Amino acid sequence: MSVIVARAEPSIAGVGDYIELMKPRVMSLVVFTALVGLVLAPVPMHPVMAFTALLCITVGAGAAGALNMWYDADIDARMARTAGRPIPRGRVTPGEVAGFGFTLAVFSVVSLGLFVNVLAAALLAFTIFFYVVIYTIWLKRSTPQNIVIGGAAGALPPVIGWAAATGSVAIEPLVLFLIVFLWTPPHFWALSLYRADDYARAGVPMLPVVAGATETRRQILRYTLVLTPVGVAPWLLGYAGAVYGIAAVLAGGAMIALAIRVRGEARGHTASKQMFGFSILYLFLLFAMLLVDRMAGALFAPLWGHFPTGA
Amino acid sequence: MSERNIEPKPEPGIRLTEQQQRARRARSIAIAVSLGVLVVLFYIVTLVKGPGVLERPL
Numbered sequence: 001m002s003v004i005v006a007r008a009e010p011s012i013a014g015v016g017d018y019i020e021l022m023k024p025r026v027m028s029l030v031v032f033t034a035l036v037g038l039v040l041a042p043v044p045m046h047p048v049m050a051f052t053a054l055l056c057i058t059v060g061a062g063a064a065g066a067l068n069m070w071y072d073a074d075i076d077a078r079m080a081r082t083a084g085r086p087i088p089r090g091r092v093t094p095g096e097v098a099g100f101g102f103t104l105a106v107f108s109v110v111s112l113g114l115f116v117n118v119l120a121a122a123l124l125a126f127t128i129f130f131y132v133v134i135y136t137i138w139l140k141r142s143t144p145q146n147i148v149i150g151g152a153a154g155a156l157p158p159v160i161g162w163a164a165a166t167g168s169v170a171i172e173p174l175v176l177f178l179i180v181f182l183w184t185p186p187h188f189w190a191l192s193l194y195r196a197d198d199y200a201r202a203g204v205p206m207l208p209v210v211a212g213a214t215e216t217r218r219q220i221l222r223y224t225l226v227l228t229p230v231g232v233a234p235w236l237l238g239y240a241g242a243v244y245g246i247a248a249v250l251a252g253g254a255m256i257a258l259a260i261r262v263r264g265e266a267r268g269h270t271a272s273k274q275m276f277g278f279s280i281l282y283l284f285l286l287f288a289m290l291l292v293d294r295m296a297g298a299l300f301a302p303l304w305g306h307f308p309t310g311a
Numbered sequence: 001m002s003e004r005n006i007e008p009k010p011e012p013g014i015r016l017t018e019q020q021q022r023a024r025r026a027r028s029i030a031i032a033v034s035l036g037v038l039v040v041l042f043y044i045v046t047l048v049k050g051p052g053v054l055e056r057p058l
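If you read the protein sequences in the order shown, they are chains L and W. Under our numbering, the residues of the first sequence are numbered 1 to 311, in order. Under our numbering, the residues of the second sequence are numbered 1 to 58, in order.
These are computed hints drawn from the structure, not numbers from a lab. All values reported here derive from a predicted model rather than from experimental measurement. Please note that the accuracy of each hint is not assured.
As the list claims (entries may be wrong) - Cβ-Cβ distance ranges computed for the label pairs, FRET-style:
no., chain 1, residue 1, chain 2, residue 2, range
1, W, Q20, L, P47, 40 to 46 angstroms
2, L, G268, W, Q20, 46 to 52 angstroms
3, L, R267, W, I31, 48 to 54 angstroms
4, W, G36, L, I256, 26 to 32 angstroms
5, L, D74, W, I31, 55 to 61 angstroms
6, W, Q21, L, R218, 55 to 61 angstroms
7, W, R27, L, H46, 30 to 36 angstroms
Claimed, not checked - Interface residues of chain L toward chain W, partial, derived using beta-carbon atoms under 7 angstroms:
no., residue
8, I12
9, G14
10, V15
11, P44
12, H46
13, V48
14, T52
15, F115
Unchecked claim - In silico negatives: residues of chain W with every beta carbon more than 12 angstroms from chain L:
no., residue
16, E7
17, K9
18, P10
19, E11
20, P12
21, A30
22, G36
All C-beta atoms in this analysis are idealised placements derived from N, C-alpha and C, irrespective of residue type, glycine included.
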């Protein structure tokens with residue numbers, strides 16, 4: 001049964017509706033992690049080219065968000081968290097959103113390919129494809145592993161940032177990929193624990209809906225135990241300093257402590273909500289520390305200011 | 001003249017409401033601003049990349 005009502009009259013959609021379609025909060029995370037990937041790269045990039053690369057990556061992420069809202073409009077309408085999105089609210093039609101998303105996707109990928117390099121553009125295209133086709137269209141409605149596998153899309157931006165600067169991929173951005181990839185399940189499962197009714201009503205097979213809250217809590221702890229050592233890896237591998245290492249150990253310890261609390265919580269969702277909130281801070285802190293670490297290094301470097309053009 | 005005798009006909013097609021007109025104007029301005037920013041960006045990128053603007057290393 002479709003809950004979307006086709007609207008024949010001219011559009012009343014404002015600019016804000018189109019910005020909302022691009023999922024600005026997700027975009028901010030994407031631009032931030034891509035920036036870190038770009039800054040960590042050993043090849044300095046001209047500021048204009050770096051800005052252009054980040055703009056393309058951000059718009060590409062916005063395109064993926066819009067295409068996700070286009071395909072998911074039916075589930076969004078049934079969930080309290082997403083019922084206010086532009087399509088369920090009747091501000092824009094699904095066709096308008098599909099056109100908007102597709103245009104931005106093509107434009108961002110082509111621009112990144114023309115101005116920066118083909119590898120970065122190919123990775124951006126793959127990210128959009130993975131998020132829209134693999135995650136949204138295929139996995140989200142069919143398996144409780146949806147966000148585990150789909151998390152790869154959200155984890156790719158630092159790799160794209162690195163590729164934009166270097167024209168290649170190395171172990172350093174792949175570790176950053178692994179951090180975001182392993183962070184996604186505990187982050188979303190913490191949210192889905194207290195939104196389980198919403199997901200069940202929409203027919204989305206999230207882990208708490210399919211396997212129950214106890215199994216979800218167990219999985220959150222397991223993933224957190226794998227995530228936190230990987231979070232320290234940039235320091236152990238030698239491309240982040242001791243300040244990063246200490247921050248990663250402390251924040252990782254807090255993540256594990258929260259995951260243990262979530263595991264032990266018999267009723268109520270206080271710990272899950274704390275876990276969800278802190279997980280955002282954890283990821284932000286890790287990437288911010290990498291940035292600070294690199295900036296501090298650049299500040300003390302004797303030679304600075306040579307920007308080769310292009311990639 | 002005969003033209004003076006012709007009564008103005010109601011315009012065919014869709015007549016936009018006040019809200020629809022405002023929304024369309026806002027969207028048009030946003031598109032214009034985006035295109036303007038792109039023109040400036042493409043210009044600056046071309047200056048930065050110089051003759052190598054068409055070089056796209058893998």
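Q. Does the Cβ distance between G36/W and I256/L fall inside 26 to 32 angstroms?
A. violated, 50 angstroms
Q. Since A30/W was said not to touch the interface, does its Cβ keep a gap of more than 12 angstroms from each Cβ of chain L?
A. violated, 4 angstroms
Q. How about F115/L: closest beta carbon in chain W under 7 angstroms, or not?
A. holds, 5 angstroms
Q.
The hint names T52/L as touching chain W; please verify it with the least Cβ-Cβ distance against 7 angstroms.
A. holds, 6 angstroms
Q | Consistency of the no-contact label for K9/W, given chain L and a CB cut of 12 angstroms | A | Per Cβ check, K9/W is outside 12 angstroms of chain L; nearest 21 angstroms; holds.
Q: Determine whether the Cβ-Cβ distance between Q20/W and P47/L falls within the hinted range of 40 to 46 angstroms.
A: holds, 42 angstroms
(Q) Restraint: G14/L near chain W, CB-CB cut 7 angstroms. Satisfied or not? (A) holds, 5 angstroms
Q: Can you let me know if the beta-carbon spacing of D74/L and I31/W is within 55 to 61 angstroms?
A: violated, 29 angstroms
Q) Does the claim that E7/W lies off the interface hold, with its Cβ farther than 12 angstroms from every Cβ of chain L? A) holds, 27 angstroms
Q. Taking the CB of G268/L and the CB of Q20/W, does the distance hold inside 46 to 52 angstroms?
A. holds, 47 angstroms
Q) When you look at the beta carbon of G36/W, is every beta carbon of chain L farther off than 12 angstroms? A) holds, 14 angstroms
**Q.** Hint status (Cβ of V15/L to nearest Cβ of chain W, threshold 7 angstroms)
**A.** Nearest chain W Cβ about 4 angstroms off; hint holds.
Of the numbered hints given earlier, the model fails hints 4, 5, 11 and 21; all others are met.
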